[in-house]
Every structure is written in structure tokens, then in C-alpha cells.
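Trainee: For the protein sequence lines, the chains are A and B, in the order given.
Sequential numbering from 1 applies to the first sequence in the working numbering.
Sequential numbering from 1001 applies to the second sequence in the working numbering.
Just so you know, these hints were derived from the structure itself, not from any lab.
Certain hints may be false.
[Unchecked claim] Calculated pairs, EDC-like style, for lysine to aspartate or glutamate (alpha carbon to alpha carbon, straight line, at most 20 Å):
(1) B:1268 x A:266
(2) A:58 x B:1186
(3) B:1162 x B:1135
(4) A:81 x A:68
(5) A:30 x B:1110
(6) B:1268 x A:254
(7) B:1283 x A:265
(8) A:6 x B:1209
(9) B:1268 x A:265
(10) B:1355 x A:254
(11) A:260 x B:1349
(12) A:121 x A:185
(13) A:29 x B:1062
[What the hints assert, rightly or not] Short derived list, chain B residues pointing at chain A, Cβ under 7 Å:
(14) 1204
(15) 1248
(16) 1273
[As the list claims (entries may be wrong)] Which bits of chain B does chain A cover? Going by a derived footprint, with three or more residues having C-beta under 8 Å, they are:
(17) 1132-1139
(18) 1205-1212
(19) 1277-1286
(20) 1329-1335
(21) 1433-1441
Think of the CB as a built atom: it goes at the ideal place given N, C-alpha and C, for glycine as much as any other residue.
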Amino acid sequence: MRREYKIIEKYEVVPNVHKFVIRDPRIAKKVKAGQFVLVMANEKGERIPLTLSDWDPKEGTITLYVLELGVSTMELVSLSKGDSLYSLAGPLGHPAKVEKFGNVLLGGGCFGIGGIYPLAKAMKEAGNSVTVIIEARSNYLLYNREKLEGVANEFFTTTSDGSEGMRGHVQDKLQELVKDGRKFDHAYFMGCTFMLMQCARATMPHKIPTGVALNAIMLDGTGMCGCCRVTVGGHTKFVCVDGPEIDGHLVDWDELFIRKHIYREEEAVSYQSHACRSLTGYEREAKGGGEA
Amino acid sequence: MMPNLSGRVKMPEQPPEIRARNFQEVPFGLTEELALREASRCLNCKNPLCRTGCPVAVKIPEFIQLIKQERYAAAARKIKETNALPAVCGRVCPQEVQCESKCVLGIKGEPVAIGYLERFCADYEREMGLTEIPEPAPPTGKKVAVIGSGPSGLTVAGDLIKLGHEVHIFEALHKPGGVLTYGIPEFRLPKKIVQAEVDNLIKQGVRLELDSVIGMVRTVDELIEEDGFDAVYIGVGAGLPTFMNIPGENLNNIYSANEYLTRANLMKAYMFPEYATPVERGKHVVVIGGGNVAMDSVRTALRLGAETSTIVYRRAREQLPARAEEVHHAEQEGVLFNLLTNPVRFIGDENGCVKGMECIKMELGEPDSSGRRKPVPISGSEFIIECDMVIVSIGTGANPVIFSSLEGVERNRWGYIIVNEETNETTKRNVYAGGDIVTGSATVIQAMGAGRIAAKAIHEKLQAMDRKK
């Protein structure tokens, strides 16, 4: 009775970032920009929230970008084309706010370079002038350029080492644009929590309304467990059902950082004791495993 | 046979000091000998009051008579005439306030252990491989969507499939069972029992669609208008957990009971790292609340290695809403009870983890709207409980996701769905609802009772549709 979520395409886009195209006609038909799915690689895995980064309702496929970080993402990226995910639920969360704002600024880092694309497309279709800035440590970690350039009115890259585009981060480019007299009516950022915080802080003095796609730890993703709670403007919100887009100027970032690190020790245990790492080749063979 | 006036049997169970450290089921179940002895105590009353105490009116004296005749599988089938999940109910129903509270033997002595007997024959039937899959009724050509595979959804599905309707269950999670799977721990309800019940429904032809969050991937309107369902039953259960709304509540290691139990049960964090989902293992755990979910949480914490595991509850002992057996089991296992105590704030350490909870002592005042004496704080009685983990178990609100796209279904001021109590139909035609999404937090058997009412009404409605044609 388990549904099949077949991996149609899978490859490493840039080091450590993997692109998955998965068949799920139900989700492909329903999804809107800014929504996410919960994924399990196997029965013993975690439920991991991943941003829906593209979709094709005709083909019935969705695209996800996975950053390999810990055991659960490692197990996910060890799946191959033709395999099926164990579980895939979505689309979840509210769609991002998309309307005719005027000049819209979008920023993406890491998996968000892939994830920001549907936003760029939707914002453009809604009649906005869209500026996209993406960031990475170095130029070999940038991807998705052609797709983003194809929908954006303006497209910029930034790198920490200056190997491509401006040396710095999304917020540095943003500051530069604003200093040059550019006006933005709306901003939206997707990437790691630190980047989201930096970008939200950069737009605050210029009073640019800012949405951030928060990535909290989740379990069910349907508002049942309360795991993903975050303080927004002094009130507790649940990222899974109130977000994932949250007003970046109201987030209690310090609390969010602390909450994200709750399982740091367990992550280390999980990683060290994982079968691929903890067993020597001999033990693996004794347990009936294949190659060392 | 002469009535047996000896005392009620004792349920054999794991000794408290051992079971408090493992996840195996606490009671072993009655042996055949004990079951026969207990069954012989039933007076087979002409006017069986026990049945009136049961939300699904199980034919109690009839099934106990079958046990007396050593026809155990037949006894299980007798129960199943009105209760689809006897192995579950025998374990989790609060019999002491339902069927057993009405037993005439209880007037002078102890009531018949109806719950133990129910469990005995359901387990016998399952373990001996005697479960019968009912012959399917001729197909009616009618399709029903059941949203949620918890106790009420499973009941609706079981009742309607027997009547020849096509039934699809949509479950949001990756495993079926709802609260039976994510909420109630293995030591109280082994998951293989839930799985066996679901498998039986599938064998009868029920179609189960996992990973299907209705409201998001499909809406109720789409189920009716595009997918051709003639009726929809909403049994989506509990929603967002209620928090205390006191300072420090988002510190790390403060869980909602829903999250804590979902990690431990559904995701099997007690087998971490074999299962990848972690759960914190507090040494000094405090659980706020006094219901069954609080008891499940406080006992799970012990099994996950807590040195102390304490219930903090603002009312008095007699007012603990939990099933008596759960409170008793918790006490035996060494759970501490801090009653007439209410948290005021949480105190964090330098890493953002909880290290203590300030509480205030309470005393009982005048009765409130629930008829219970209202707890009022005693000023100046504040004190601090040191702890490294807190589980908040004070109830839940309505599930928010189903309502993201549900026009025409009216809700009350708490957000729960309003239904016609005779049919459990909502204010939207052919859409029914039951369980926690209608009543707020209640019991498994109450949810099943709601499912039975809805299933009957849905069947009648579907038949009437045919007559109109």
C-alpha cells in the first residue's frame, strides 16, 4: 500500500548539493512557490523538510535540492536514479506571498540557490521586476545560473573568496544596490539560518518588507507536534503551518539558533555509529554486507 | 454453573522495577485459566447495565458467556459486531468509568474485569490465526473517503467496507493508526497490534493512502467533485499542542507531549541511533499535566533513562483525568507526583536549555464550570523544581491543516467542527466528522463511538441516494 516515489534523475550539481527529480503527480499538480515536502529515505530515517524547487505538472515530477549534512541527508543522497523514497508528503506550508509588489529582491544561498527559482518565476509572472542575488563560498559552488538568469530582470552572484561576482554575501550586494539608489518593495530570502538573519538585518534599516523561508526542525509538518516553534514578534509561531515564510524583521534569531542546535550531540553519535562508517570491512562482510 | 463469588483476578504483569526500563508491554494478558475464572464471575444479567456504559455498546454478557464455553474466537467476533478494535480497546479504554463502573458486582465487591477479558479473546483470535475476514457484501458502487487513520477513521472504514462501500483512508503520516501509532507508547499498546488491525481492514478491501495530507495535496471539495467520493469522514484528530504561555517556554528540552511521544513512538527514537530520529534523554524530567498523555510521557521518560520523572498537576489527586490503571502503573514504576502545583516560568542555563521550573502551590477553591473545585494559587508559595527536561501535556487545539481549504464546514469558538449529534454530519452536505476534531481531546473509545454513529448515518445516506435515482 506504500506509494512509489521514483527518483527520475539524480546528480551532484556542485560538491555536496544533490539535485533530485522525483515522480509525484499529486504534488506536482498542487504545489505553489514557497512550499515544502517532508521526505524519508528509508523506514528508519528522519522526516526531513525540503523546499520544492521546481515542478512539472505535465510530467508529474518535482525537483528538490539536498545538501548533505548529516546521516539522514547522507542516506538520501546515497539513493540512485530508479530507487523510490520511503515517504514523501506535501506540499506543506503556506505558499509564499506572491503579488505585484513592484521591485522584488530575491536572495539564495546553498540549497536556496535552487529553491529560490520558483519564487523568481512566480514574482515575474505576477508582474514584478525581479532582482536575484545568489551567494556561495567560491564560484565552483554556484549553480542554477541559467535558470535564474532566464527569469530574473537582474541577476548577481557573490562569492566569499571573490572568485565570481562581488566578493561578499547577498546582503553586501543588497547594500550596494540600495546605496546606488535602488528601491525595493519586497524581499525574500532562502538559505541557511545565518544567511537569512544577515539578509533580514540588512533590509531592516531600509524598511523593505522581508520574508524569510525558515528551516526549522520538523516531525509531522502538519501542525501536530509543535517542534518547529519560533518566536515571531513576541508570539510563538509554528513554521510548518504558519510559515515557512515568516517576517524576517520579527524573528527571534537567537532563540532560533539555539533551537536548531538541540540535537548537535545526537547528530555526532548518529554519524559515528552509522553502518557505513562504524564498521570495518570485515565486520560488514560478517554481517552479510557487500563491498567494503 | 454456580456464580463465582471469589475476587477479581489480578492481571499478570512485568514487575515495576524491570518494566520501568524497557518498552515491552506492561501487562502480559490473562492466561486461559484466569480468563475462565474471571468469566465465571459474570452474572449474565438479564438487563446488562455494563453495555450502557460502553460508547459502542459491546455485547458484554454475550461475549463473556462464549468465553465460559471456551469459544474464545467466537467471543472476539461477538465483540467485533459493534467494536472493530477489541485488542486496542481491551488495553486503552478507561473501563473503570465505563462498562465496569456499571457492573452490579461492583456495588458490593469488585466488578468483572471486562477489559481484561476483551483483551484476552481478541489476542487469542489474533495469535491463533483465527481472525476471519468477513465475506465482502455486494458492492454498492458508492465511494467514501476517510481522512485520518486513527481510532475513529478505522472504525468508519471497518463498518462501511462490511456494507459493500468502497473505502479509501487518507493518512498524513508514513504509518497508519493515528494516535494509536504516534501517541500511545509501545509498552501500553504494541504497534504490531495496530498494524494487525489495519492489515485486516486492507484484506477486507479498504484502500490506505499514506503520506496524504488532505487540505494540502487534495481538498475535501476535490475528493467529492473530482475524485467521485459520495461521502467524506473527517477524523484528523488533535492539532497544535497547547503551551502554558509562560516565560522560557521555547528553551531547549521543553517538548510538547505530542512531539516527545511522536519522536519516541512513531519515529522510534528509543532505538536511536538505529532509527535516525533523536529524542533528548533527560535525567530529571518534569511532565506538566495529569491526563493519559501525561502518564504516557512520564513513563516513557523513565524508560529513556530518567533518574526522576515527575508529574506536575495543578489540581488534586482525585481530579487526575488519567485512567486509574495508568496512574497506578506510573506510581508503581516510581513516578513522582507534585500535585496542586502550577508552573510559573522556566529557567534556562547558558546554553539555552531548561534547568529549572518555578512553580506555585495551589489549593482547591469553589467548583468551576466543570464542577471540579477550581485550583487557586497560594501567594508566596513559589518554589523551584530542578529539571533538565520538561514535557508540556496540557492538551491540544484543532488540527489547522484540514481547514486550509474547507469551505462550508462550520466550527465552534474553539475551532472544533460542529456536527449534528445524531448523525455526526457537519454543516456541509455529505461531509461527516468525529473524534478529537469535534470534541477536543478525548479517549480512543469515544472517537470510535463517534465513528460508529457516522458510519451508520453515512450508510443510510448512501442508500437513500440510490432510492432517489
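Trainee: The structure should be examined with respect to each hint, and the outcome stated for every one.
Mentor: Hints and how they fare:
no. : hint            : verdict
1   : B:1268 x A:266  : 14 Å, holds
2   : A:58 x B:1186   : 43 Å, violated
3   : B:1162 x B:1135 : 8 Å, holds
4   : A:81 x A:68     : 17 Å, holds
5   : A:30 x B:1110   : 58 Å, violated
6   : B:1268 x A:254  : 30 Å, violated
7   : B:1283 x A:265  : 16 Å, holds
8   : A:6 x B:1209    : 17 Å, holds
9   : B:1268 x A:265  : 18 Å, holds
10  : B:1355 x A:254  : 18 Å, holds
11  : A:260 x B:1349  : 16 Å, holds
12  : A:121 x A:185   : 17 Å, holds
13  : A:29 x B:1062   : 52 Å, violated
14  : 1204            : 13 Å, violated
15  : 1248            : 10 Å, violated
16  : 1273            : 4 Å, holds
17  : 1132-1139       : violated (count 0)
18  : 1205-1212       : holds (count 6)
19  : 1277-1286       : holds (count 3)
20  : 1329-1335       : violated (count 0)
21  : 1433-1441       : violated (count 0)
The structure fails to meet hints 2, 5, 6, 13, 14, 15, 17, 20 and 21 from the earlier list, while all remaining hints are met.
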